[in-house]
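Undergrad: Sequence:
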Amino acid sequence: MRAVLRIVNRVLLGIVGLALLVLGGSVLAVGLGVRPPSWWIHDGRHDVPLSAAERTRWRDQGWWWPTVIAVLAVVVLLSLWWLSAVLRRRRLAEVLVDTGDGEGALLRGRALEGVLAAEAGRLDGVERAEVQLTGRRGAPGTRVQLLLEPHVDPGQALHLLTTEALAHARDSAGLAALPAEVRLRGVKHRAERVS
Numbered sequence: 156m157r158a159v160l161r162i163v164n165r166v167l168l169g170i171v172g173l174a175l176l177v178l179g180g181s182v183l184a185v186g187l188g189v190r191p192p193s194w195w196i197h198d199g200r201h202d203v204p205l206s207a208a209e210r211t212r213w214r215d216q217g218w219w220w221p222t223v224i225a226v227l228a229v230v231v232l233l234s235l236w237w238l239s240a241v242l243r244r245r246r247l248a249e250v251l252v253d254t255g256d257g258e259g260a261l262l263r264g265r266a267l268e269g270v271l272a273a274e275a276g277r278l279d280g281v282e283r284a285e286v287q288l289t290g291r292r293g294a295p296g297t298r299v300q301l302l303l304e305p306h307v308d309p310g311q312a313l314h315l316l317t318t319e320a321l322a323h324a325r326d327s328a329g330l331a332a333l334p335a336e337v338r339l340r341g342v343k344h345r346a347e348r349v350s
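The working numbering puts the first residue of the sequence shown at 156, with every later residue one more than the last.
Quick caveat, the hints were computed from the structure, so don't treat them as lab data.
Hints are not guaranteed to be accurate.
Simulated pairs of lysine to aspartate or glutamate, DMTMM-like, Cα-Cα distance not exceeding 20 angstroms [stated by the list, open to error]:
1) Lys-343 / Glu-249
2) Lys-343 / Glu-285
3) Lys-343 / Glu-319
4) Lys-343 / Asp-308
5) Lys-343 / Glu-258
Taking the hints into account, I'd like the entire structure generated from these sequences.
TA: The following block contains the structure:
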C-alpha cells in the first residue's frame, strides 16, 4: 500500500505542479504583453478566463448542478484522502518505557530500530536487516525485513530473530509484548555448478 501511495503522491504532485506552472506562466506572459495563440483561454491583459456567458451557459440544464456538485465532492474526498495519507506518520517516534517508579521514560524509536537492526544483522546467515517501529508508543510493534544468504534455512533465521534480537529488544525496553511482522528475502545469487 505504501508504494501505491508514493506513486499516487508523485503523480498528483507532478500534475498539479505542471498545471500551476503552465497556467501561472501563461498569465504572467500575457500580463507582460506576449501575444497568446488564438485558442488560448484569455486574449489580453484585461481579459478574464471565463466570461459571464461561458459561466452561465449550462445553468438552466437539469444535469448541470448535480454534476458540478458530484465532481467537486469527488475532488474534495480525493484531496482529503491524499492529504491524510501524506501527513500520516509511518514510523513510531518514541516508545514509552516503564521504569517501575510510576513515571516512565521515553526511548527514541530510531535508537531502538537501530539496535534491533544491528542485532538482527549479526544473526547467522543474515546479510542485512531493516527494522521499522509501528503502533502506539505504549504498545509498539515492528516490521522487520531480513535479507538472507543463500544457504540459510528461513525457519532457523526466524527462530533466531524471535528468540534473540526481538526478545532482547522487548526485555530491554520493558515491554510486555513486541509483535513483529517479518519479511524474509533471499540474496540474489548465481546458480552453483554441480559436477
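Undergrad: Is the Cα-Cα distance between Lys-343 and Glu-285 20 angstroms or less?
TA: Judged against 20 angstroms, a Cα distance of about 17 angstroms means the pair holds.
Undergrad: Is the Cα-Cα distance between Lys-343 and Glu-249 20 angstroms or less?
TA: violated (35 angstroms)
Undergrad: Is the Cα-Cα distance between Lys-343 and Glu-319 20 angstroms or less?
TA: violated (26 angstroms)
Undergrad: Would the hint linking Lys-343 and Asp-308 be met if the CA-CA limit is 20 angstroms?
TA: holds (15 angstroms)
Undergrad: Check whether the Cα positions of Lys-343 and Glu-258 lie no farther apart than 20 angstroms.
TA: violated (48 angstroms)
Going through the hint list in order, the structure does not satisfy hints 1, 3 and 5.
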